[in-house]
Amino acid sequence: RPACSARGIVVTNTPFAVRRPVAVATLTLIFALAGRLFKKDQLVHQGRWNDRVEFMGQGLTTRTLGLVGAGGIGLEIMRLARPFFARMIAADPYADPKRTAELGTELLPLDDVMRQADFVVVCCLLNKETHHLIDARRLALMKPTAYYLNVGRGPIHDEAALAAHLAAGKIAG
Numbered sequence: 001r002p003a004c005s006a007r008g009i010v011v012t013n014t015p016f017a018v019r020r021p022v023a024v025a026t027l028t029l030i031f032a033l034a035g036r037l038f039k040k041d042q043l044v045h046q047g048r049w050n051d052r053v054e055f056m057g058q059g060l061t062t063r064t065l066g067l068v069g070a071g072g073i074g075l076e077i078m079r080l081a082r083p084f085f086a087r088m089i090a091a092d093p094y095a096d097p098k099r100t101a102e103l104g105t106e107l108l109p110l111d112d113v114m115r116q117a118d119f120v121v122v123c124c125l126l127n128k129e130t131h132h133l134i135d136a137r138r139l140a141l142m143k144p145t146a147y148y149l150n151v152g153r154g155p156i157h158d159e160a161a162l163a164a165h166l167a168a169g170k171i172a173g
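In this note's numbering, the protein residues as written are 1 to 173.
It should be emphasised that the hints constitute simulated quantities derived from the structure, not laboratory data. Do not rely on the hints blindly, as some may be mistaken.
[Claimed, not checked] Here are the simulated lysine-lysine pairs, DSBU-like style, with alpha carbons at most 35 Å apart:
1) Lys170 / Lys40
2) Lys98 / Lys143
3) Lys143 / Lys128
Given the sequences, and given the hints that come with them, work out the whole structure.
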């Protein structure tokens, strides 16, 4: 920081600035996946308008949202997602149980979140503890109909393992 200051460069940390936009983008992706909008868009572009009815999507009111991380972004996702999901669960060893409970979210071990969630959203920090936290074993725990979204840093999951699970149709893609 001193070197930047000496050159007139302001260095700042704005952790609150990204919480709402990331949470909104996450819910936007969830709505698009649940409504099968990407597939419907593809069909429309192919001129296959009538085929859209075969891809109706799913409602969220009977689904479980699972969060990997219950920090600032995770809490904001909980605030915004609460009206849409039947259940919200999260894994975070450092989370405040009172704050998550106030937002209607149950804290569980990570493996349980991976097993139970219909939408798994990774929103934890990338550090030594979380590098490749989501590996082949944990991906294999997911329901084959579940969706995986990583709105954190890429290396939190093992990219090769994720690609293999998607290619094999073991999780929704």
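Straight-line alpha-carbon gap Lys170 to Lys40, limit 35 Å: holds, 22 Å
query: Between Lys143 and Lys128, is the straight-line Cα distance small enough, at 35 Å or below?
result: Holds: Lys143 and Lys128 sit about 27 Å apart, inside 35 Å.
Straight-line alpha-carbon gap Lys98 to Lys143, limit 35 Å: holds, 29 Å
Every hint from the earlier list agrees with this structure, and none is contradicted.
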